[in-house]
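**Q** As a plain string of letters, each chain reads:
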Amino acid sequence: MRSRLFLWVPLALFAFFAGVAGYMLTQEKDEFVESTMIGQPLPDFALDPAFGGLPGAAKTDLIGSKPRLLNIWASWCTPCIAEAPQLEALQARGVEIVGIAIRDRPEDVANFLGRYGNPYSRIGSDRISEVQLAIGSSGVPETFVIDAKGVIRYQHIGDIRPEHVAVLLAELEKAR
Amino acid sequence: MIRAVVALLLALLAIPVMAQDSMPPAPYAYNQLDDPRLEAEATTLMHTLRCLKCQSQSIADSDAPMAGDMRHQVRSRILAGESPDQIRGWLIARYGDYVSYEPEVSATTWPLFAAPVLLLLIVAGVLLRRLGKRRSDAGDTV
Amino acid sequence: MIPEIGLAALWLAAALAVLQMVSGAFALKAAEGAVNPLAIYARPAAVVQAFLAVLAFLMLLWSFAITDLSIKLVASNSHSMKPLLYKLTGTWGNHEGSMLLWVGVLALSGGLLAGFEKRLPERTMGATLAVQGFVALGFYAFLLLSSNPFERLPVPAAEGTGLNPLLQDIGLAIHPPTLYAGYVGLSVAFSLAMGALLTNQVNPSFARVLRPWVLGAWVLLTFGITAGSYWAYYELGWGGWWFWDPVENASLMPWLAATALMHSVSVLAARDALRTWTIMLGVLAFSMSMLGTFLVRSGVLTSVHAFAVDPERGAFILGLLGLYIGGAFTIFALRAGAVAEGKRFAIASREGALVFNNVMLSAILAIVLLGTLYPLLTEVFDVRVSVGPPYFNPAGAIFAIPMLLVMAVGPLLRWKSDKPARLQFELALIASLVIGVIALVSFFGQFPLLPLLGLGLAAALAVAAFLPLRGRNLARVPVATWGMVLAHFGIAVSLFGMACEGAFSQERLAAVAPGGTEQIGDFAVTLESVTPVAGPNWTAIEARLAVSRDGGEPVILNPQARNFWSPPQSTSESALLTRWDGQLYAVIGNQAEDGRWQIRVWWKPFVTFIWYGGLLIALGGILAIAGRVKVDVKRRAAVTKGAERRADVEALDVASPVPAE
Chain A
1 MRSRLFLWVP
11 LALFAFFAGV
21 AGYMLTQEKD
31 EFVESTMIGQ
41 PLPDFALDPA
51 FGGLPGAAKT
61 DLIGSKPRLL
71 NIWASWCTPC
81 IAEAPQLEAL
91 QARGVEIVGI
101 AIRDRPEDVA
111 NFLGRYGNPY
121 SRIGSDRISE
131 VQLAIGSSGV
141 PETFVIDAKG
151 VIRYQHIGDI
161 RPEHVAVLLA
171 ELEKAR
Chain B
1 MIRAVVALLL
11 ALLAIPVMAQ
21 DSMPPAPYAY
31 NQLDDPRLEA
41 EATTLMHTLR
51 CLKCQSQSIA
61 DSDAPMAGDM
71 RHQVRSRILA
81 GESPDQIRGW
91 LIARYGDYVS
101 YEPEVSATTW
111 PLFAAPVLLL
121 LIVAGVLLRR
131 LGKRRSDAGD
141 TV
Chain C
1 MIPEIGLAAL
11 WLAAALAVLQ
21 MVSGAFALKA
31 AEGAVNPLAI
41 YARPAAVVQA
51 FLAVLAFLML
61 LWSFAITDLS
71 IKLVASNSHS
81 MKPLLYKLTG
91 TWGNHEGSML
101 LWVGVLALSG
111 GLLAGFEKRL
121 PERTMGATLA
131 VQGFVALGFY
141 AFLLLSSNPF
151 ERLPVPAAEG
161 TGLNPLLQDI
171 GLAIHPPTLY
181 AGYVGLSVAF
191 SLAMGALLTN
201 QVNPSFARVL
211 RPWVLGAWVL
221 LTFGITAGSY
231 WAYYELGWGG
241 WWFWDPVENA
251 SLMPWLAATA
261 LMHSVSVLAA
271 RDALRTWTIM
281 LGVLAFSMSM
291 LGTFLVRSGV
301 LTSVHAFAVD
311 PERGAFILGL
321 LGLYIGGAFT
331 IFALRAGAVA
341 EGKRFAIASR
351 EGALVFNNVM
361 LSAILAIVLL
371 GTLYPLLTEV
381 FDVRVSVGPP
391 YFNPAGAIFA
401 IPMLLVMAVG
411 PLLRWKSDKP
421 ARLQFELALI
431 ASLVIGVIAL
441 VSFFGQFPLL
451 PLLGLGLAAA
461 LAVAAFLPLR
471 GRNLARVPVA
481 TWGMVLAHFG
491 IAVSLFGMAC
501 EGAFSQERLA
511 AVAPGGTEQI
521 GDFAVTLESV
531 TPVAGPNWTA
541 IEARLAVSRD
551 GGEPVILNPQ
561 ARNFWSPPQS
571 TSESALLTRW
581 DGQLYAVIGN
591 QAEDGRWQIR
601 VWWKPFVTFI
611 WYGGLLIALG
621 GILAIAGRVK
631 VDVKRRAAVT
641 KGAERRADVE
651 ALDVASPVPA
661 E
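Chains as they are written, first to last, in UniProt numbering: chain A, 1 to 176; chain B, 1 to 142; chain C, 1 to 661.
No lab work stands behind these hints, which were simulated from the structure alone. Source: prediction; values computed, not measured. Incorrect hints may appear among the rest.
Derived SDA-like pairs: lysine to any residue, alpha-carbon spacing no greater than 25 Å straight-line [said to hold, decoys possible]:
no.: 1; chain 1: A; residue 1: Lys59; chain 2: B; residue 2: Val123
no.: 2; chain 1: C; residue 1: Lys343; chain 2: B; residue 2: Gly125
no.: 3; chain 1: C; residue 1: Lys416; chain 2: B; residue 2: Val123
Now the in silico label distances, taken between C-beta atoms and shown as ranges [as the list claims (entries may be wrong)]:
no.: 4; chain 1: C; residue 1: Leu323; chain 2: B; residue 2: Pro36; range: 37 to 43 Å
no.: 5; chain 1: B; residue 1: Ala93; chain 2: A; residue 2: Thr26; range: 27 to 33 Å
no.: 6; chain 1: A; residue 1: Phe32; chain 2: C; residue 2: Arg596; range: 35 to 41 Å
no.: 7; chain 1: B; residue 1: Pro36; chain 2: A; residue 2: Asn111; range: 41 to 47 Å
no.: 8; chain 1: B; residue 1: Pro36; chain 2: C; residue 2: Leu449; range: 56 to 62 Å
no.: 9; chain 1: A; residue 1: Arg4; chain 2: C; residue 2: Gly436; range: 37 to 43 Å
Cβ-to-Cβ under 8 Å is the rule here; a few derived chain C residues that face chain B [claimed, not checked]:
no.: 10; residue: Gly371
no.: 11; residue: Pro390
no.: 12; residue: Ile398
The beta-carbon is built from N, C-alpha and C at its ideal position, and this holds for glycine as well.
The following block holds chain A by itself, in its conformation from the complex (with noise of 0.2 Å):
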């Protein structure tokens, strides 16, 4: 008969994907697709003003003299509500946040900051999620952190919970 060591192949195969699985269900699951422009400069972008209030967004208001978050996120979004009160206070703490507003309208993003608050500095308004493509997004809320020369040092994806601004903080004085 042929070599015994064969008939055990199967069971070896067997084994190790069942470590495999096994390991993976011990493992969190996320769905969140990471960026991986982290560490690519911003590729360039200029969007008109997302509504009457505040000025657009471009690659430029996000390069000089220090880092800042770029928080992508819309008005249509429930989780965006959930994450206003820590933008709040991370303006409050001196931290420059700049908003792209996904497929959004003025009067909904008008709307929204009237409702929950306004911390951005700018909003530009990305209607066909062009500049969210660019830097790698796959959803809304995420935020980055973009150091002084206009490159992406850090990416937070979901809602901010309060027990991330300081991580958020710590990622802004890193990129000094």
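Assemble chains B and C onto chain A, guided by the hints.
**A** Here is chains B and C on its own, set in the frame of chain A:
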């Protein structure tokens, strides 16, 4: 996480009415390019790009607004003269290999390509063992 | 009361599974020919268990039918306003209910096996029933301990949450039950294979017992996959019929293994060869259906069709997987060496072709398995990749094309050894058809390589499928051979549909104002009007599309965009115009700000052939079963005719073994 819940709802593919924006889709999200050759190029490419907001669907198979915006990017870039490979590369630079259903040979994907070659060798080996050597002793021995 | 009866039935059935397992195992302790007194309980335990498990399922079905909102499962998956059909099908449109359906079918097939299978030696039967009981016990435990479908709510809900609208379709009535029955049929094949391996009874008579289960499971899987593909095609609204999604692959992999198993079982039954290999495939086929269950329900992979994702349940299923499959592979490794080598054969023989087919099917299975699991593997290292059609299509084709070519000639070869020179005419015919069709099609335009090859192969296979009938008296061809011819022809038909869809599909996306007309292929599509309509649990806008081919009489199509309110979701209901040579697929989208409507229309030539082919393949399988049963019944009748004719019967048995494909 609220977003995780939203993602779960999205898992059911039909987008929850609540979290959808009311904006009109991007110009090329639901409109074809006039040149049939370019449109064919775009369609082929779109069928191999992953919709990032969906569960395992290509952007050519999804009603998610973001898929529409990605289709717009693909069509308008094709129209601007970019090649499908350039566009795929542009997206991979932003989202990693995850965005493309067409794995490229790289440090992380080589086993996918080694496997068929290895399989061919195994198959040839098994067939030779099983069938080849019997040629010599094709007698009816149990 | 109803759910408590169901739950009690389930607990009782689990207890009987223990009895079946223990009693079956005692059969192994009996001396050759003798019957262990403790082994007699296995069969009745399996039969009664079948009744109890089916009863439990009927109790749940009833609870869904009357929308008993005091049951958690009903409240979270049903709605009183839902049409009755979807209330019933909703029973298995969720994790717990579908597991109960699975267990019900498992117990039912165990009961059928125990009740009707009398050909196997008692020891082998005992071992088989013990394994079957062991498998069933795991699933009972899974249901009772982690997914109790009958759990009551402390306070009955006022109204149910409703069912995912995508599942509110006749497809849910057909696709999951057939697929589950197929999976479960493979569990019987698994138990039989383990029983034969444990008692060293891997021989042609075992193969003849195994064959109807494999064929039956294979028919159900074929039908289930075909139905699922068509369902996804019209329900998801983008005209895709197969996307190599993990869940789709999860149903394809058992089918591939079962296809290989079905062929190797035939070799074992007819020629007493491929013994170890058949056992291996028996284990593999069931492993693949267990793996499918794990992938679909654990949420380790991302899929469009996934439901009831829960890592804890995933851990439970993985545990069962480890127990059954790990155990089976261990026993295989320990015992397979003891299985004597089967009969030998030459490379150019029916067996040779079937071995080639088996090896290629296994290679395709390996590719699909690797491609499906690869993203899981890289995620361990925190790298995310996607593997899709651009990988599966060419990598699968490397092995599928040689396999299909051998499939064309294999049935023409004689058992044991043959001379290829005998088949010169057939080989030339097949080769010229492949080359001729490819040349002809390329002459008319530029098409992608794979669909082109598919067209050439389809033409050759369609003709080759009928070659085994050449020169034979058709009235005397065994029913099983007709089954093979039909199934192989079905492959050709399906391949033709896939190739045409890939090469000739046309797409038209446009924003159309009411009254506007769009042209696609030979069809002029006019948007006559868009009106709101309402259903029992949804509202929708419905388009009225007048479709006219070459200026002929227009046909009205009514695609809808539906909004369900519980749960709040929107779906596209496509409208299909089926012609003999293809299908027109129309979808209505959103209204643009200028008042025009987005419509999507595809003309897919011969796309329906994909599923016609699938049905033909399944029908071929049914004929094969019918043929086998007929031969079997004849044989049994002959045996009962008494001792004086036994010698004749034996002579008959030796002289005319069942012609296998």
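**Q** Quick one, are Lys59(A) and Val123(B) close enough, alpha carbons at most 25 Å?
**A** violated (56 Å)
**Q** Per the hint of 56 to 62 Å, is the separation of the Cβ atoms of Pro36(B) and Leu449(C) within bounds?
**A** Between Pro36(B) and Leu449(C), where Cβ atoms are some 20 Å apart, the hint is violated.
**Q** Verify the CB-CB distance for Pro36(B) and Asn111(A) against the hinted window 41 to 47 Å.
**A** holds (44 Å)
**Q** Starting from the range 35 to 41 Å, see whether the pair Phe32(A) and Arg596(C) falls in it by beta-carbon distance.
**A** Distance hint for Phe32(A), Arg596(C) holds at roughly 36 Å.
**Q** Cβ-Cβ distance between Leu323(C) and Pro36(B): within 37 to 43 Å?
**A** About 56 Å separates the Cβ atoms of Leu323(C) and Pro36(B), which means 37 to 43 Å is violated.
**Q** State, for the Cβ atoms of Ala93(B) and Thr26(A), whether the hinted interval 27 to 33 Å holds or is violated.
**A** holds (32 Å)
**Q** When you check the alpha-carbon spacing of Lys343(C) and Gly125(B), does it fall within 25 Å?
**A** Cα-Cα ~20 Å, so holds.
**Q** Does the alpha-carbon distance linking Lys416(C) and Val123(B) stay inside the 25 Å limit?
**A** holds (21 Å)
**Q** Can the hint on Ile398(C) be confirmed by a CB-to-CB distance to chain B that is less than 8 Å?
**A** Constraint on Ile398(C) satisfied, holds at 6 Å.
**Q** Range first: 37 to 43 Å. Now tell me if the beta carbons of Arg4(A) and Gly436(C) are that far apart.
**A** Cβ of Arg4(A) to Cβ of Gly436(C): about 50 Å, so the range 37 to 43 Å is violated.
**Q** Close enough to count: is the Cβ of Gly371(C) nearer than 8 Å to one in chain B?
**A** holds (7 Å)
**Q** Would the hint on Pro390(C) be counted as holding, given a Cβ-Cβ threshold of 8 Å to chain B?
**A** holds (4 Å)
Going through the hint list in order, the structure does not satisfy hints 1, 4, 8 and 9.
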